[in-house]
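**Q** Starting from the known structure of chain A, fit chain B onto it as the hints suggest.
Going line by line, the protein sequences match chains A and B.
Per my numbering, the first sequence starts with residue 1, numbered consecutively.
Per my numbering, the second sequence starts with residue 1001, numbered consecutively.
Hints should not be assumed to be uniformly reliable.
Unchecked claim - Where chain A lies over chain B, by a calculated footprint (3+ residues, C-beta under 8 Å):
| no. | segment |
| --- | --- |
| 1 | 1039-1045 |
| 2 | 1184-1195 |
What the hints assert, rightly or not - Reference listing, derived: stretches of chain A covered by chain B, where coverage requires no fewer than 3 residues with Cβ under 8 Å from a Cβ of chain B:
| no. | segment |
| --- | --- |
| 3 | 106-114 |
| 4 | 119-126 |
These are calculated hints, taken from the structure and not from any lab test.
Positions of the beta carbon are idealized from the N, C-alpha and C atoms, including for glycine.
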Amino acid sequence: MESAPATWEAAIVASATASASLAAIGPMRKQPPRFAGVDLPGHFLKHADEQTVIALEALRRAVEQAGLDPREQTDWAIVAAPRFIARVAGAHILTRYGDGGAPTVPPHALAQNSLHSVAGAASIALGLHGPNVGLGGGPGAISDGLTAALTLLDGAACPGLWLLFSQWEPEPIPDGQGRATNDPVCHAVALALRLGEKSSATLRLTTRLGLVPAEPIAEPRVSQLAACIERSASGCPAEWSLALDWGANIQLSLTPLAVERRLAA
Amino acid sequence: MARGEAVWITGVGAATPLGNDFETFADNLLAGRSATRQVSDQQGDKVALHVGTEVGPLSAPRGMAAERFARLSRLEQMAWWCSLNALRDADLADRPEGLRVGLVLGLGGEWYRHWKLDAERDGRQIFEPSGQETPLVERLKQDLNLTGPTATTGAACASANYALALGRRWVALGLVDVCLAGGVDNACPITRANFANLRALSRRVDDAEHACRPFDLARDGLVMGEGGAIFVLESAAAARRRGQRAYGEIAGFGASSDAAHMIIPSDDPAPAALAMQRALADAHLAPSEVNYINAHATSTQVGDRAEARAIRLVFGERTAATPISSTKSMTGHLVSAAAAIEALACVVALQKQTLPPTINLDDPDPQCDLCHVANQAQPRKAEVAISNSFGFGGSNTCLALRKAA
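Looking at chain A on its own, in the form it has when it is part of the complex (with noise of 0.2 Å):
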C-alpha cells in the first residue's frame, strides 16, 4: 500500500569536493590541513587511510570557501561514509600477517583503517564535540550516508552535520606492499548540513513508501556527487538525485549563491 509522502530536509550551507590519485596522497599526509589557523599535529595523518586524507581536505576547501569557524560549530555532528576503507593497507596487513603472523599488526590499523576512522578523525581535526559516526563502509555507503543524516539526529538537539563521503574510483589494485598495481583516484565530498531548514541549497528525503522502483537501481559513485557540487561551484544550479529501493528518493538540490541573488531580486 502505497502511503503519503513525507519529506526530511536541510539546509546545505557549504560543499566541497577533493580528489588525489595514490601517488599523491603520500606528500599529503606530511601536511595535514589547519582549521580556524590552528594546527594539528604534523604527524596526525600518519597513519590515516587514504580516504580521511581526501576526505579531509574536501572538509578543509568547504570550511574555507564558506567562512565557517569551526569554534562556532562544537556541537555538530559528523557523518561520514566511506566505501571500502582500507583495502590498500588491509591488503599489506594481510600480507605481513601470513608471513610473519600477530608481531607484524600495526597497533593503530583498527583505529585508522574501520569504518569510524574518518568521522573520527574529522572531529579532532575540527575539535567537534557532536556526536562521530561512520555510515555503510560498502555499496550503499552513499545513501546509508544520506537517509542517517537526514534522520539519525534531531534538528533541535543537534544544529548542523558535516557529512563526508568518500570513495576509490577505480577500487586499487593493491600489491600487498602498500602500493596499487593501478592508478585509482580517491575522491570525496563535504556537505555542511543544517538539519530542518530549509534553503535554495538542499539535501532532501522523500519517501513514498509503498512506491518501489521496478528496475534495479544503479549504485551512485561520490564522483557524481562531486560533479553535480563542481558544477554549482562554477555557477550553475545543479541537482542529483537517488531513488533508493525501500520507495525513497534522496535530492540534492545546489544553486549558486549567485543565481539564488539574481532570483530573489
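**A** Just chain B, lined up with the frame of chain A:
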C-alpha cells in the same frame, strides 16, 4: 506514530558467550558466570595465546534449512540467528503484507573481516576487486524479505548504540513500522593481534576466568569476545495493538566526541559526560532517576578511570548511590556488538529487577570509586538503566532504557 511516542523493544535475538536466548543469557549474567577462556590463534607455525570469549554452537534457526545455515560464515550465522529469533520472539516471523521492517546493524569492520575470511579460503577479493560485494545488511534484507531501509553503523566499540539510536529514530519518524537493530561481531586473529600489539589485551592467559576485571586495581587489559544481539523495535502503540509484550523502552540516546585522540580516551571527562547528559535529556530523565549504569569499562587502566571521572561529573553526589557494573567482566568485549549485548544486560536488569555484577572485582581501584555491584547480582528496583559505550575516534555514546509503561 505520534511524535514523542515511546519506542519499545518487543523482540530479542541473542548469540552470546553466556547463552543464545534471553533467559539463558539472563541466568548466566545474574549468576556472575565468566565466559572467558584461553584462545589460540595459529598462523603458520606461530601460535599466539590470548584470553577471549566465544559463542557456543548455533543450530539453524527455525525457518532456515540446516545446510544453508552451515554454509554461512560465523558472523553471518550470528546475524541470521539473532535476526530470525528476534522476529519470531516479537511474533513477526510471519508478517502482514506491507509491514515496513528496517534493519540497522553496528558492524565496524565488515569488509576487512570479509577479505580476511576470503583469504583464508584462498580467495583474493582484497587484491582483485570484483564489484560484486554485497553488504551483510543487504543480504539479510533480501533473505528475510524486509522492505524498509537498511544501514550499517561504525563507531568502533560504540557502533551498536548508534544502530539502536538510528533504529529508534526510524520508528519514531514513521520511516518504518518495525526496525531490527543491534550489532554482531566476531574477533578475528588480526583484530586480536591489533589489540595485543596496543598492549590493551589482558595477559592473564593462565588464569582466563579472572582475566577481565573492570575497575579492579589488578586489571591488566580487556578480553575480546564474539557475539551479538538484535532487537525488534516498534512504537508502543503498535505493540499494544498487537498485544505484544515489551522488554523495555529505548528512552534516550546521547553521543559526543572527545576531539582529542584516535585511540586514547580524553583526559577531560567532559565529552564522555556530555554523551550521558544528552541521553538523559533526550529521555527527560534526571540523574537521580537512574537505577543502574552498565559501564563501558573494558578493564584497561586508562579507560576505566576516564569513565569513572565522567560518571562522577554527571552524577555528582548521586554517584555513591547509583549502582554500576561492567558486564564485560563476564561476556568479554564484543567490540562492534558490545553496546548491543550491554543493552541486553540492561533489559535483563529491567525485566528481572536484579542488577548484574562486575565479577573479579576484588580490590576496587580507588580512582574508580563508584557504587559497584561487585561480584554478585543485586535484587533492586530497576526502572531506568543507562548503557555507556565509547569507541576509537573519541566516540562516546549512551543509551537510556526504561521499563515499559
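**Q** For every hint, state whether the structure bears it out.
**A** Results of checking the hints against the structure:
For the segment 1039-1045 of chain B, the proposed coverage by chain A is satisfied: 3 residues have a C-beta within less than 8 Å of a C-beta in that chain, meeting the threshold of three. Coverage of a stretch by a chain is defined here by at least three residues with a beta carbon nearer than 8 Å to that chain's beta carbons; for the segment 1184-1195 of chain B and chain A the count is 7, and the condition holds. Here's how the segment 106-114 of chain A fares: 9 of its residues keep a CB closer than 8 Å to some CB of chain B, so the rule of at least three is met and the hint holds. Under the rule that three or more residues need a Cβ within less than 8 Å of chain B, the assignment of the segment 119-126 of chain A holds, with 6 such residues.
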